[in-house]
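These protein sequence lines are chains A and B, in that order. Going letter by letter, the first sequence gives residues 7 to 218 in this note's numbering. Going letter by letter, the second sequence gives residues 7 to 218 in this note's numbering.
Read the hints as simulated data drawn from the structure, not as lab findings. Small disclaimer: the values here were computed from a predicted structure and weren't measured. Treat the hints with care, since some could be wrong.
It does not matter which identical chain is used: a pair holds within one copy or between any two.
To be verified - As a list, the in silico DMTMM-like pairs of lysine to aspartate or glutamate whose alpha-carbon atoms are at most 20 Å apart:
no. : residue 1 : residue 2
1   : K176      : E34
2   : K176      : D205
3   : K213      : E34
4   : K78       : D103
5   : K106      : D33
6   : K54       : D91
7   : K106      : D210
Protein chains: 2
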Amino acid sequence: MAKPSDMKAAKEKMSRGRPAMSAAKRDEMRRRIADAAHRLFKADGYSKVSMRRIAAEVGCTPMALYNYYDSKIDILRTLWDSVFDTLFAEIAAFGSDTDKTAYLTRISSAYVNYWLRNEDHYRLVFMAEGVTQPDVSIFLDGRKSLERFAIFAEALIDANDAPMDSDQLKRKLDLLICLLHGIAHNQLTISGYPWTAADMLIEDGVKAIIGG
Amino acid sequence: MAKPSDMKAAKEKMSRGRPAMSAAKRDEMRRRIADAAHRLFKADGYSKVSMRRIAAEVGCTPMALYNYYDSKIDILRTLWDSVFDTLFAEIAAFGSDTDKTAYLTRISSAYVNYWLRNEDHYRLVFMAEGVTQPDVSIFLDGRKSLERFAIFAEALIDANDAPMDSDQLKRKLDLLICLLHGIAHNQLTISGYPWTAADMLIEDGVKAIIGG
DNA sequence: TTAATTTATTATACGCGTATAATAAATATA
DNA sequence: TATATTTATTATACGCGTATAATAAATTAA
Chain A
7 MAKPSDMKAA
17 KEKMSRGRPA
27 MSAAKRDEMR
37 RRIADAAHRL
47 FKADGYSKVS
57 MRRIAAEVGC
67 TPMALYNYYD
77 SKIDILRTLW
87 DSVFDTLFAE
97 IAAFGSDTDK
107 TAYLTRISSA
117 YVNYWLRNED
127 HYRLVFMAEG
137 VTQPDVSIFL
147 DGRKSLERFA
157 IFAEALIDAN
167 DAPMDSDQLK
177 RKLDLLICLL
187 HGIAHNQLTI
197 SGYPWTAADM
207 LIEDGVKAII
217 GG
Chain B
7 MAKPSDMKAA
17 KEKMSRGRPA
27 MSAAKRDEMR
37 RRIADAAHRL
47 FKADGYSKVS
57 MRRIAAEVGC
67 TPMALYNYYD
77 SKIDILRTLW
87 DSVFDTLFAE
97 IAAFGSDTDK
107 TAYLTRISSA
117 YVNYWLRNED
127 HYRLVFMAEG
137 VTQPDVSIFL
147 DGRKSLERFA
157 IFAEALIDAN
167 DAPMDSDQLK
177 RKLDLLICLL
187 HGIAHNQLTI
197 SGYPWTAADM
207 LIEDGVKAII
217 GG
């Protein structure tokens with residue numbers, strides 16, 4: 007009983023014209039572009055790699071890239087995303103703990119040590135040349151980032167001496183993240199200086215923040 | 007007895023060729039460029055203003071600017087410098103205090119309140135679109151910046167409960183600066199939210215940092 | 001098949017920062 | 001004065017990110 011139009015509707019093909027690329031094809035092309043960009047960025051740095059070069063590496067024209075990414079920075083943000091996916095998956099793998107302070111310290115340590123073990127990722131995210139400040143802050147202020155850092159917010163609430171309202175929490179969270187990045191940044195970029203071990207700094211810092 | 011060559015040496019004019027512009031002339035031209043850039047940056051933002059437009063405002067060709075500044079970002083850094091000159095002159099005007107914690111709190115408050123009173127300066131320094139991260143960190147890591155923030159370092163040493171070694175000091179200083187910028191940033195950019203008064207946040211933060 | 005329509009790709013062009021080369025201006029020397 | 005030399009300015013050109021327009025590819029409807 008099905009009319010041809012129904013059959014087409016079943017195939018979700020109502021309109022004529024060239025059909026849109028399958029999701030799989032799109033994703034594959036996006037990954038090919040991201041992989042090429044990652045290789046080039048790692049070798050030469052973000053600012054030195056042009057869209058023309060990425061296109062050449064992929065084997066298309068520069069403007070074809072814009073079918074898959076909005077802009078050059080959008081490609082970099084995709085790489086950032088996958089880095090954070092890996093990092094926070096690692097952190098989420100820890101079960102929570104009866105000693106709440108120890109738990110906060112442990113995930114803080116995991117966070118910093120991920121950056122220390124993956125210096126190229128740290129540089130890709132936090133030290134990419136040619137990235138404008140708003141590019142970074144849009145990323146770090148974005149909803150996804152907030153959700154990711156929520157694990158730190160919850161651990162802070164549990165570990166803190168006294169109950170906190172939301173802006174006390176925010177202040178402490180910001181302080182903590184600043185501290186963790188500062189530790190990683192100093193270790194990675196001022197490597198000639200004999201820094202106190204990251205884990206000791208983290209222990210001190212966490213104590214100061216939850217105690218104050 | 008002076009030979010003509012000696013007379014010329016006295017005038018510091020030994021070589022022939024077009025003489026270099028006088029320091030006064032150079033400085034005047036640098037200021038004309040900086041003023042024009044400041045006007046345009048304030049109106050349209052750093053990234054939207056081109057060297058071609060600055061040149062048109064000044065009344066020269068784009069490349070003539072490069073006799074006075076190394077690059078576009080060099081012009082912006084000059085503006086940053088003058089902003090920090092004003093700000094730290096204000097802070098230095100406070101005499102030190104018998105209550106060391108009160109002094110640290112007061113100069114921290116002066117620092118934050120300068121940014122709150124001069125939002126356009128804050129945006130020029132910390133929120134200029136099109137400024138790359140290395141541009142900023144080179145500036146903030148520079149010797150001149152360190153010297154400027156030394157007043158906070160000294161106040162931290164005086165106010166801190168216990169003696170500190172240099173990396174404890176550095177950590178606390180970084181924490182303090184992060185906090186002060188965070189307060190200013192939040193007040194200025196999330197103005198819809200009823201933030202606790204900056205001075206209260208500063209008081210709490212300073213206590214936590216020197217106590218921890 | 002042919003025309004219509006939608007998607008994907010390519011071609012072209014713009015303004016950007018600025019490197020490089022050519023030119024103009026200003027001086028000392030011959 | 002004419003020439004050499006140094007400085008200041010301008011002209012030209014390059015590769016950049018990407019907006020826009022033209023084209024190619026893939027499909028349905030006539």
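Status of the hints after comparison with the structure:
1. K176 / E34: neither (39 Å within a copy, 47 Å between copies)
2. K176 / D205: Between. Shortest inter-copy distance 17 Å satisfies the 20 Å Cα cut-off; intra-copy 23 Å does not.
3. K213 / E34: So K213 and E34 fail the 20 Å test inside a copy (46 Å) and across (53 Å) alike.
4. K78 / D103: This pair counts as neither: shortest intra-copy Cα distance 42 Å, inter-copy 52 Å.
5. K106 / D33: neither (41 Å within a copy, 60 Å between copies)
6. K54 / D91: neither (26 Å within a copy, 34 Å between copies)
7. K106 / D210: Classified as within; 15 Å inside a copy, 23 Å across copies.
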